[in-house]
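**Q** Fit chain H to the known structure of chain B by using the hints.
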Amino acid sequence: MRPTRLPLHALLLIALLAVQSLAASTFAQAQLTQVPGQNSPTTKEQVPLYVPQDDKLIGRVSIPDEKLAVLVQPEGREWREWRTHTLRLAIAGLAIGMTAVLAIFFLYRGTIRIHGGKSGRLVLRFNGLDRFAHWTTAVSFLLMALTGVILTFGRPLLIPLIGHQAFTPLAEYAKSIHNFVSVPFVVGLLMIMGLWLRDNIPEKADWTWIRTAGGLFSKAGGQHPEAGRFNAGQKLVFWSIVLGGIGMAATGYLMMVPFAVSGIGGMQIMHVIHGLLAAGLIAAVIGHIYIGTIGMEGAFDAMGCGEVDENWAMEHHRRWYQEQLRKGYVEGRQPAE
Amino acid sequence: MARMKFLCDAERCIECNACVTACKNEHEVPWGINRRRLVTLNDGKPGERSISMACMHCNDPPCAAVCPVDCFLQTADGVVLHSKDLCIGCGYCFYACPFGAPQYPRTTDFGSRGKMDKCTFCAGGPEPDGSVEEYQKYGANRLAEGKLPLCAEMCSTRALMGGDGAVLADIYQERSLRRGYGSGAPGWSTAYGRNDRGSPFAPGGPGTGGA
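From first to last, the protein sequence lines are chains B and H. Residues 1 to 337 (the working numbering) make up the first sequence, in order. Residues 1001 to 1211 (the working numbering) make up the second sequence, in order.
Okay, chain B solo, but in the shape it has when bound (with noise of 0.2 Å):
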């Protein structure tokens, strides 16, 4: 007797598992990593636990919240270390390197003096607008720099001398008036660039001052050239906290909304951006506070109470104390006709 028939079913069976078999070949050939091969291992050891992931691995999530379909991002390790070393070491290389520069400038030079003496006369050089614009940058830069620097460096400096507890409060405040001064100091530098920009276009008369140094190294005083409302140094200082300001705000508001323009590579860039122009621009103003101080007799009074000496203005700013006096400005001297 001939062996039992299959059953149809069961040929059906066959027939599909055949099929299915090469199919499930042809697409197991694709997925080389599923196919027992040569390369399989044949001890325990030879499984691969560490295997190396340097890119960027993206995959699809099911959430809402699509960032995470990011599974592994290798460039957090280059911003670690930008936060933990680099940020620190630029703002704190470049603000102690302009105040030791500022130092040996002053043991040099000490304070610049008014070369023909105080005249007594006083010439209108800023009035309460630009004051007030001025001071309001002023102010909100220097409260936003020293809650990013709380922030930065109060981790190695602060935690070790007032303790966790204490710091976490002074961390949450910083970061808050950090964010929220920025609104002032946006419009603070809407107004200087409203109240300034004209006048500090860079012209001809700037390249004599930056060849000789804006008379800065001559000993003997009273070698100004001769420069308008502003001259090529104050230009620079105009320009870098216009541009590093306009830089900063921007790059900080998109840190203050998180995700809304980019991912997370984006966001470390604008951070990356953010502390360095934040080094700059705090060495930059270290240079300009020095000037505006103790480095130059008669130059505070500009911003302080708005009037310069008319010595003063005649040794650093001739072009612009003729228009001044030509305009009659100039108290107790009449326009000459």
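One or more hints might be untrue.
[To be verified] Below, in silico cross-link-like pairs of lysine-lysine (PhoX-like), each with a Cα-Cα straight-line distance of 25 Å or less: (1) B:Lys56 <-> H:Lys1045; (2) B:Lys67 <-> H:Lys1024; (3) H:Lys1147 <-> B:Lys67; (4) H:Lys1115 <-> H:Lys1024.
To be clear, the hints were calculated from the coordinates, so they are not data collected in a lab.
**A** This is chain H only, laid out in the frame that chain B set:
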């Protein structure tokens, strides 16, 4: 002492999301906070793999390194915990974390994102084990009860494993040998393979029991 680790075997994960659900339920995690998530690579293409990812409790945690208020701590088991009392919600840990583990209750409130939340390896927080405050801030503390993370315990295919790193490595290598292939343990080189300048939890270090 055991060095606690997670290992997700991508060859086994069937993207059922049981680990995600178990985690959310066990710790009463609020909406929008994803302590654990499933990421599918090459979705719909040959070689598709799904990986369950949460905080991997790294040897040398980048989050702890960049935190401006130093709110992170690492337990003797290598579990990375943080203090919500100290956290200021700056978001830096998310910049540094390779796995996108830190979560924040708010997207933005002009820069204040609330206290960071992340996987605790079911080990609670710095508060006393099993206390009400600990549960409210960090969720359940299963480790203190002698239990392993619920996500891994819940996994039906045993793709996701959580526990002593040396044991996990052994199980994974054994099963890879038997089936003839492995796909690596995703995240292991990033989380545990880094030469981290003398951490006891580095591969082979005294804190890992030789793993």
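**Q** Holds or violated: Lys67 (chain B) and Lys1024 (chain H), Cα atoms, limit 25 Å.
**A** holds (19 Å)
**Q** Can you confirm whether the C-alpha distance between Lys1115 (chain H) and Lys1024 (chain H) stays at or below 25 Å?
**A** Distance of about 17 Å is within 25 Å: holds.
**Q** Compare the distance between the alpha carbons of Lys56 (chain B) and Lys1045 (chain H) with 25 Å, and conclude whether the hinted pair is satisfied.
**A** holds (19 Å)
**Q** Please verify whether Lys1147 (chain H) and Lys67 (chain B) have alpha carbons no more than 25 Å apart.
**A** violated (32 Å)
When each numbered hint is compared with the structure, a violation occurs for hint 3 only.
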